[in-house]
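S.K.: So the chains spell out like this:
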Amino acid sequence: MPAQLVLSIDTSVAVAVALTRTDGTVLAERSSDAARLQAERLAPLLAEVLAEAGADPQDVAKVVVGTGPAPFTGLRVGLVSAQTFALAIDAPVHGVCSLDALALQAASTLGLEPGTSVLVVTDAKRREVYWGRYSVGADAATLVRTAGPGVALPAALAEDGTTTGAVVVGPGASLYGDVLAPSSAAVHADAVTQPDPAVLARLASAAAARGDDLDPAPLYLRRPDAQVPGASKRATG
Amino acid sequence: MSEPLVLGIETSCDETGVALVRGRELLFDAVASSMDEHARFGGIIPEIASRAHLEAMVPTIRRALAEADVDLAEVDAVAVTAGPGLQGPLTIGASAAKALSVALGKPLYGVNHVIGHAAVDELVHGAFPERAMALVVSGGHSSLLLVDDIATSVTELGSTLDDAAGEAFDKVGRLLGLPYPGGPHIDRLAREGDPTAIRFPRALTLPKDQAEHAYDFSFSGLKTAVARWVEARRDAGEEIPLHDVAASFAAAVADVLTAKTIRACELHGVDTLVVGGGFSANSQLRDMAAERCAEAGITLRIPPIRYCTDNGAMIAALGSALVRADVAPSSLDIPVDSSMPLTLTHV
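For the record, the sequence lines run as chains A and B.
Here the UniProt record's numbering is used: position 101 in the first sequence is 101, and no number is missing along the way.
Here the UniProt record's numbering is used: position 265 in the second sequence is 265, and no number is missing along the way.
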């Protein structure tokens, strides 16, 4: 039997993995809500979904991974794991913006009408959020990203009109609802908590069909903190 | 059965190392370094190193496999640095190794980086004797280890209480106005200077220190002593005799490291000394260790420099020793430990 499964991974919020058929059928899913424990939790969950589906790693035809944006260390756990797993089984690895999955999940969960604007916000630490703005397509299964992804202070998004008229969802909505609510259409703090890797897999298939770029490269959106040092301090006064 | 084939992955600092080792034979060692990106900051920036590790991981694994002419499916075990080192960089290697372990259905070994610096010598000079002493010196570590079995029984006799030897060299390099990393520049200057020109302090060598710190090192006070000496000359408008300062400083470091190590060998009845880690490239240390080991009748084993800097071979070598000793593999949920104890060969 030729390989026909898709292994999907996201570590942008916490940890989630899914094993699906290429037609989208979900065979096994696992997640952990322990943020910051991606490096400990991911590999056991990979083994578990394979075991539950009775699948061999060689049955995996494609690996899909959420590329963030997200805090760096956790995000890299998913990316490097997806890349090396794919290397081991000689399969391609496709990257999808994690916010795209959250937007699609929210549109589906909330039953949003075509044309509705959705603003996804996640925790970027340092009092900022990662964000992406979307428009719901003719059916709730297609979304178009109209702005972002970016990183900003929540108040800046309210000021520059990014929140205006949008349904605000994602883990950042519960953290900064009070700042985002006044200018937005609605804030649904609990609609979606973390990207569903089965949704990432569907998005990857659709993007591949369109011929989109699926480079599994991290969306850091920030430069590393590093400063060129000044002159040496004296040891004597 | 033939000797186990082990893939080793090292990412504890700025080097992405991947190597393949069969038994005690190195097949290939691939290293990608991000040092050039750190130089202008005067030190390793963990986030810059982590980003470079992610980019380099798959290409470095591919290169090691191609050069060793090995297919991943042939690998018997995957070994990776679990610590000590920088948290972010360690996480990349550990995650890669775990994913390979799951995908290949092969055991994972999370191993100790510092002990790997000693283990790598087995690839060069063969199996360790029944008992050996290991001095591991680098920019991040200065440790004295008693090795009864490289896979299962390593005792930490002492380590630095503050700066590592290589770190002290880099800091003194900076105060002398040398480019980062300063170690190689001081080494070069010191070769043409008088090591007895200035009597810099030898910390923790007095009789009163022997009860608690017989095998510990301290280089922070030495660095400050050099700074004070140089500042006093500069304030007086005098020229700094760079060669003599470098030679006297390097001699102080080499003197303390070798004196304590030889004493440890004698008191523990050990006749083989292994020196490893990036700082073992230092010529003042090499010369003094060779001279003092010869006097004491101790066999000195120092691998070639390319094995002393951080690399995947040292991790694969320790992983291979663990497999040969029938040690149980690590579980998939092991954390990385930036301050992993040096008595643990693996987790």
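Read the hints as simulated data drawn from the structure, not as lab findings.
The structure presented is a predicted model; accordingly, all values stated were derived computationally and were not measured.
Glycine included, each C-beta is placed from N, C-alpha and C at the ideal position.
Heads up, a few of these hints could be off.
As the list claims (entries may be wrong) - Distance ranges between label pairs, derived from CB positions:
| no. | chain 1 | residue 1 | chain 2 | residue 2 | range |
| --- | --- | --- | --- | --- | --- |
| 1 | A | Gln58 | B | His125 | 54 to 64 Å |
| 2 | A | Leu153 | B | Lys208 | 53 to 63 Å |
| 3 | B | Glu25 | A | Leu153 | 24 to 34 Å |
| 4 | B | Ser220 | A | Pro182 | 47 to 57 Å |
S.K.: Does each hint fit the structure? Answer for all of them.
M.R.: Here is how each hint holds up against the structure:
For glutamine 58 of chain A and histidine 125 of chain B, the Cβ-Cβ distance of about 40 Å falls outside the hinted range of 54 to 64 Å, so the restraint is violated. Between leucine 153 of chain A and lysine 208 of chain B the CB atoms are about 57 Å apart, so this pair conforms to the stated range of 53 to 63 Å. Checked against the hint of 24 to 34 Å, the C-beta distance between glutamate 25 of chain B and leucine 153 of chain A comes to roughly 56 Å, which is inconsistent with it. For the pair serine 220 of chain B and proline 182 of chain A, the beta carbons lie near 55 Å from each other, so the given range of 47 to 57 Å is met.
This entry does not satisfy hints 1 and 3, going by the numbered hints stated previously.
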